[in-house]
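Residue numbers (the working numbering), protein chains in the order written: chain B, 1 to 971; chain A, 1001 to 1260; chain X, 2001 to 2214.
Heads up, some of the hints might be wrong.
Okay, the calculated bits of chain A under chain B, using three or more residues with CB under 8 Å as the criterion [stated by the list, open to error]:
1. 1067 to 1074
2. 1180 to 1192
3. 1200 to 1207
Hints in this document: simulated from the structure, not taken from any laboratory. Just so it is clear, CB atoms sit at the ideal spot from N, CA and C, and this is done for glycine as well.
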Amino acid sequence: MADILCPTCGRPNSKDREFCDFCGNPLDGALTAKPQGTSLRNDLFTEESSPDLPQDRNDQDEISRLESLLSETEGEGTPFQKPTPESGEESSRLDEYLPAEEPLSKADSSQRKAAPEETDDTSRLEEYFREENPVPPPPGKSQPQEPTKESSRLEEYIKEESSVPPVPENSRPQEPIKDSPPLEDPFVRDPFKSPDPFQETPLSGEEESDRPEEEFDPFKIPPEELDLTGELDSKKNKPPSQAEAEDPWEFFSQDSPGEPTGGESPPASEDSAGEKDFPDSAPPEKSASSEIPDEAPIAETSAGEWGFLDPKDAGEEPVSPTSEDSGEKWDFLDPGISSAEPAEQVPDDQTPDEFAWLDPGPAADLPEDEDQPEFGSQGFGEDSGWLDMLQGPESSQAPPPESSQPKKPQTDWLEKIKRLNKSSDLVDEDSSFPDWLAVSNLPTAEPEEPEQMEPGKPSSEVPEWLNLDDDESLNEFLRRKDLTNEEHTPQISEVSQKEAEDDEPATGLSDSQQIKFPSWAEEQKKKSQSPEDLQFLAAYEDDASKSAEPFQIEEEFFDDLFDEELPDWLTAASSKEVSQPLQDELAQGELPGWVEAMRPVVESTDASGLAEDEEYIESYGPLAGIPSVLPAEAEIGINLNETAQKPLDLLTSTTHQENVNLLKKIISNENKSRSIQRPAPLQTQRVLRWLIAIVLLFSTAVTVIFNNVIETQPPSAAQIRGTSYAALYDQIEKLQDGQPVLIAYDYQPAASGELHIAAASVVDHLMEKGTYLSFVSTQPTGPVLAEQFLASTQAEHGYLHTQKYINLGYLPGESAGLLSFTISPKQIIPLAFDGSNAWDSPPLINVNSISDFSMILVITDDPNIAKIWIEQVGTQLEDTPLTMVVSAQVEPLIQPYFKSSPQPLAGYVAGIIGSMNYEQLTESPNLASKIWLPFNVGIVISVGIIFIGGLANGVLSIFSQRRTRLLGDTR
Amino acid sequence: MSATGFTGIVVIVLFVGLIVFFSIIHKDRKHIPIRPIPAYQKIIEEINVAVEDGTQLHISLGRGGIIGPESAAGLAGLSLLKQVIEKSSICDHPPVASTGNPVLSILAQDTIRSTSKAISVAEQLRHPSGELIGVTPFSYAAGTLTIIRDEKVSANVHTGWFGNEIIWLTTAGERQSSPTIAGTAQLPAQAIIYASASDPLIGEELYAGGAYLGAGKVHEASISAQDVMRWIIIFLILGSALLNLFGINTFLEEILAGSM
Amino acid sequence: MNVKLHAPISTAIAIGVGIIVLAGYFIPSVESIRFIFLRTGLVLAAVALLVGIINLISVHIRKLGGGDENSGYSLILLISLLVTLGVGITDMVQTYLFGQPNFRMTNWVFTNIQMPIETSLLAVTAVSLIYAAASILRKRMDINAVIFFFVVLLILLGSVAIPPATIPLLGGIRDWILRVPALGGARGLLLGIALGTITTGIRILMGTDRPYGG
């Protein structure tokens, strides 16, 4: 135990030391550390600091103290809370734990006097958040919620900063988590981007006051549940969801999602401090709890955790979530009882005097209220004030307006804590608090009464158990909390636990509790496996310093630290406030010793192995003077907008910077819309088109108008030898009168202009030979074309239907139909185009297949149709010649069939040129001779246009390509 | 069995064997190396452009039926239509198809419906395009012009059986400043396409659309089989020329005569 | 359980019929079966024409109802179709019931409306072809286009038979081009098309390509 705290490094030194053992600085002016058990809070803000209280606490006192804690918060607004003078004193004791939340304390009125200071602190806290949320908080919002929100926001902030999920703190009750869900959202989702979380999620006083009534009716609780231990147990074993639903203070837990799952109810201030005093340490715990999705197992686990404390249950049977079992878990709070008596009997063992003030009456809601003190606004206020100073030195420089003493820089934050605690007093005044928490429901204590409770003057009205050292009891709670945490850790995988432990030094968010687990809780765990739990508990209670030595060291350290750090004026102020009414004390922004004890800094650095950081001594913020801590400025008070850039500026190597630049470049390129240069569409040359049309039309029209039939000389024998038209001529010449000839009109009407001219002379030749013509077509328009052909070109022959020719009509099925017709023409086309019997004519009676025709003439403009006839029909013919009249475009394709041997194609006439040759051969000018001149003129004109246009376009294309190339080079 | 029939059976069996063989060979290969055909690359580009611009592709399948030599061109067009629909399924407007043959029209609508159903494009299921535009070449061409001139059509793909009327379709696309990818089995129309279309498909390129648009391994294997058969035909032509040069041409003449 | 039977059934039918028809080309004994299938196919093709016309009518009716910008053309098409159909039915009635000769009204409509229109369209096609030939060097300025351009000129000039243009050398060049390079190129293209046709048919017979929605 150190007696003197070094003013420089804050480390404890023995009284006889003139220089600090740690930093070597003189200890002149150093504060004398209070003995263990006296907390800073006791010195400053409570009248009840009782250093004389024995270290060995009475078990009964502990239980009663706990119950008093619970009942005070629970029983607000309930008849049982009517304070007797005794209860007033007790509540003054509890103020240490529930400084701001205890509404029934008489100090409330005095705390209201300190409202300006509190408001200042609150505004300071608001300023802190306003830096990131420029929207100012609504002035009309209830004060109690704002600090709560702020603290939860701060927690969220810290959580985000630490990015370490919280670990459940089983020692904390769950109920407080629930009552302010609206407050959760802005912080959980985006605590710093929300324009004004205070506006966004205001928890109206009506909501807050209604919720407990709706969700939990304390009057419904039967009187037998007034059994505090039983209530505690039932609360502890209550499923978290239920507990949360009943808890008006749930926002604390929601903000720190993984927080308490256990039902143990440490002092309220402990819990709040546990949340806010450990911005660095809490997150790892919460993460563990957040990994526990199922709530029921958590309750079981929490019950099971404490089962080892129960001699009946330890290591034997699973802990049932009944109040009985839970009550047994709380036996550790009463070593004398826990070993021998069931937990339910604990209340019975209490003297009525001790619990008279705790008697909530039939309306008391012990399970719920037992946790409420944990989230007392005072505790919050403390934390908020404490954390408020983390935002930066500027904010911490604001002196409390009422301080008349010269301020020391290292105690500014304490001032703020104090002011924040005062601001938290507004919570009590605010109507947004549930009625059952309302101070007004309680008879206001006389101001004189708290004044009688001087620190050095143990009041006879105070029960003896309340004279226990607060820190002792709080340490006890902390131990239990550690125990609970340890028991929870098995729920998490060992790997994750290991990782959490390993990560803690890296993140700098060490958790003293968690760190303590391996050393202390492991032993407890081992002991819990054996039926000697009670022995352990007894040993633990009797020799807490031994069982939790690291913790004790930490607590001592901080108690001493804060005691020594306190300036005189602060001490005087605290002594004044101690003399104030009880409610004043409750609302003070004190930082309880147990809260300070929960600070993980000293032990965490030791445990986390950050030996290299031990030389570092925090000289700023609430951790000022504490060695081996990570610098708070690096994580808190940083502008979030700059956080993303700072590491890049400070930590990046050249390679990293290059990668960052590359990434930036990639991202910036992604944002840029890249235009795809498509080739410019080729514009149509309308002028050329119109020019071609006009020139062709004009030239052919003039030629037709002034056209005379060109007298042509018949070609010589040498010229016609081996030609296709000569072969066709020969084939027709072989035909005799009346022989059936099949003519296929397989062309489109569009080609009639060419093919009618080309076929006219050939058909005329056939008619001259007196053959019986049969028309067929694989085109739907073919039959009509045939009729139109006969009518337009062969009208002079006077061919009549069914007499000299037959129109068989349309042959569907294209090649397949043609093949079928080749095999069996009578079956495929039984009727003629006009519906008459197609095969009744004498020339066709003997026709049973296509080979029975004397000749086949195909008129087509389609090379494919010509090929079909050659390949599908020509191969089926025996002696019947297959001839054709085709468009000029088909000639190159059918020419090989004529040139080959044997000849699938016996002869053909191609286009107007072939027809002209045929006419010359037959010496009977026909249509081809009539249009010969316009046709040739048209060809010449076309050649000229193509040549000129082609050259022009070629030159333009060359220039265009060159221009494009030049443009590309320029770019 | 005639020599032509025997030759035909040999060719068919050889083709099937080659396709199966190359399908097995290419089974584990992602892509076989095939020469790039700019027209199919253009189709893929235009599909992407249609996706970006919210336009649609027009696919005209020609006027060939399914019974006859022209059927292959129509079926190749249907295969390409299927691939384009699958690849442009995320387009705001699905591809529009047009045909000039009633049977092909039914098949086109069936292809559109089944493909759209497979890729869950509901609009095509309700009103599949592929209607019969006209039964004659120029009526079909004239009716297709209204589709080409539609502002929503960003590119035109003409694959199927076309005649001279293809010049109408290609010049209409040029007037609309929209790319035209065209291919047909008719030789005169191929000459017209070469002169007028921005991206022509010449010869057998028309039938290779499936391999270039990712229709499957069999399509790629059929390309390889075609190449093998092409080399076989080349050697046969050279051999027959040599045989003819030396006066030993009886065998080929008998095959050409259809008797053996 | 939803089992789609139509896909495998239709695929099996397509493959089976295709193989039989193909075999009928080479195996004489299968030719009769092939003939049956071909007859059935012809009937179905004719029905398909009717289906196609009905589809055409429905499409244009939908365009009319949808306020399409080309709805006017759709209206003209529907009116023309109905008028032609009425004329055809009237001619059929007169021809088959009263023995009137050869579809007079149908011939009149064909001769005076359809044929001039289509012939004019072919004439316009000539203009388009000339334009395409003249602008080919603008589309692609490469060696192939240049060859194409000059071959067109040579063939056209070789086709001219009027005295000032009847240059014997041009005629000979034209014939040579048509017989040798043009025919060789066309044969090569046809061989490639034939190979493509075979592979397409085999893919359909193998069931890889199923244009019938199977």
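Evaluation of the provided hints:
1. 1067 to 1074: holds (count 4)
2. 1180 to 1192: Since 4 is at least three, the answer is holds.
3. 1200 to 1207: violated (count 0)
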